[in-house]
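Visitor: Residue numbers (this note's numbering), protein chains in the order written: chain U, 651 to 745; chain B, 651 to 745; chain V, 651 to 745; chain S, 651 to 745; chain Z, 651 to 745.
Watch out, some of these pointers could steer you wrong.
A pair counts as met if it fits within one copy or between any two copies, since identical chains are not told apart.
[Unchecked claim] Pairs of lysine to any residue residues, derived as SDA-like cross-links and limited to a Cα-Cα distance of at most 20 Å, are as follows: (1) Lys-673 to Pro-738; (2) Lys-673 to Ser-685; (3) Lys-673 to Ile-731; (4) Lys-673 to Thr-704; (5) Lys-673 to Asp-739; (6) Lys-673 to His-736; (7) Lys-673 to Val-737; (8) Lys-673 to Ala-697; (9) Lys-673 to Phe-687; (10) Lys-673 to Gln-734; (11) Lys-673 to His-718.
Keep in mind that the hints were calculated from the coordinates and are not lab data.
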Amino acid sequence: MQLAKVLGDVVATHKDASLTGLKLLVIQPLNADGSSFGRALVAVDSAGAGVGETVFFVRGKEASFPFHPTEPPVDAGIVGIVDQVHVPDPLPGNR
Amino acid sequence: MQLAKVLGDVVATHKDASLTGLKLLVIQPLNADGSSFGRALVAVDSAGAGVGETVFFVRGKEASFPFHPTEPPVDAGIVGIVDQVHVPDPLPGNR
Amino acid sequence: MQLAKVLGDVVATHKDASLTGLKLLVIQPLNADGSSFGRALVAVDSAGAGVGETVFFVRGKEASFPFHPTEPPVDAGIVGIVDQVHVPDPLPGNR
Amino acid sequence: MQLAKVLGDVVATHKDASLTGLKLLVIQPLNADGSSFGRALVAVDSAGAGVGETVFFVRGKEASFPFHPTEPPVDAGIVGIVDQVHVPDPLPGNR
Amino acid sequence: MQLAKVLGDVVATHKDASLTGLKLLVIQPLNADGSSFGRALVAVDSAGAGVGETVFFVRGKEASFPFHPTEPPVDAGIVGIVDQVHVPDPLPGNR
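Excised from the complex, chain U in its bound form (with noise of 0.2 Å):
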């Protein structure tokens, strides 16, 4: 999972039933320290997150599970609320 700030959020009128009422946001992936990395996505929201907020998130089928045993297709879904971080002792990632 990857932690992420949402931003916003996408309407779309025409989709995929089973996408029928699910929430949409638009989340930007964060590094550890809270700093911004990578594109800004869209995401299925479980946990009733909302715009501002700190989120971790999941990438690939993994993200339709909590809308079992309806299997949207969806391949990033928001599935917690992040309270606090500990990182004592941050290694320098390198890319």
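Given chain U's structure and the hints, the job is docking chains B, V, S and Z onto it.
Guide: For chains B, V, S and Z alone, coordinates are given in the frame of chain U:
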């Protein structure tokens, strides 16, 4: 999911039988602000999208869900046409 | 899915038993304009493709769908041979 | 799978119900020589790992296998604590 | 699938129970011309590979297929040992 613009389509006579009748579109991934990024790819369409429209698409096996019980071998599928993206306070993404 | 060109093939005597008889091709991913990008990879073929042809391929478990009920351990598969790509108005991709 | 070092943990009160009781750790991917690379991420732990330990983790739906028959929506999971890595003759990796 | 060279192995006493008895190898991805790229990773072996050999490996849940009906939590697996790669006319890859 990611935002994308529909650029065109692909014609393929010789293909896996389960792909027969599916619409194959060339799409360009977009950032939340509408700028393009990354590589164009080929996606199946289950939302009735056309060239020039902004859509959101799903990656992975999830792209085949709208065609159940058929399981076409696809890894990218357009699942919604975007009416509007609301992002009140975008963060700068870096890579 | 992504466009690709078939570059060659791989010969492997010792391999997982479920791969026996499958054609393993080396392919190079292509952009919508036919230029190459990224790394060459090894894909199974279920479309009858040959060296030099332009194809589209699928990544992930989906690559094994054409071989059901066998589930060979593959993560890339050629699923169609491209006749034509129509992209009336390409956007500049950036990475 | 990839090698990683455990950096810390994440506290989240509001989350998908199937995540209740799972340990969520912040981990930093490592190269075979122990140097760090890429972004820190959040992983569930099924190996009893603690902060400072070197582990290996799995990405994707596979991360949920240790919790069967529950299918928590996770895409990264620590599945082993590393005692030793033997690499007699490393190749230079380039990206 | 991708080509790779086997660099070494990983010893882990504390691990998910379904990994017991599986051989965990450190592998370095290779281009079609035999040059290395990207990061070394840890893969399970179902082809009987040894240090120094050139192999091809699969990513994702597919890596667990050779161990059915057991579903070990693995995301990379060596599925064949390469005898020869034939690439008559390589395209220049760019990234």
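Visitor: Indicate, hint by hint, whether the structure satisfies it.
Guide: Results of checking the hints against the structure:
1. Lys-673 to Pro-738: between (34 Å within a copy, 17 Å between copies)
2. Lys-673 to Ser-685: Answer is neither: 25 Å inside a copy and 23 Å across each miss the 20 Å cutoff.
3. Lys-673 to Ile-731: Intra 15 Å, inter 15 Å, cutoff 20 Å: intra and inter.
4. Lys-673 to Thr-704: So Lys-673 and Thr-704 pass the 20 Å test inside a copy (16 Å) and across (18 Å) alike.
5. Lys-673 to Asp-739: between (36 Å within a copy, 19 Å between copies)
6. Lys-673 to His-736: The answer is between: 13 Å across copies meets 20 Å, while 29 Å in one copy does not.
7. Lys-673 to Val-737: between (31 Å within a copy, 14 Å between copies)
8. Lys-673 to Ala-697: both (10 Å within a copy, 18 Å between copies)
9. Lys-673 to Phe-687: For Lys-673 and Phe-687, neither the intra-copy (23 Å) nor the inter-copy (25 Å) Cα distance is at most 20 Å.
10. Lys-673 to Gln-734: between (24 Å within a copy, 14 Å between copies)
11. Lys-673 to His-718: Classified as within: same-chain Cα gap 16 Å, cross-chain 23 Å, threshold 20 Å.
The earlier numbered hints that this structure contradicts are 2, 9.
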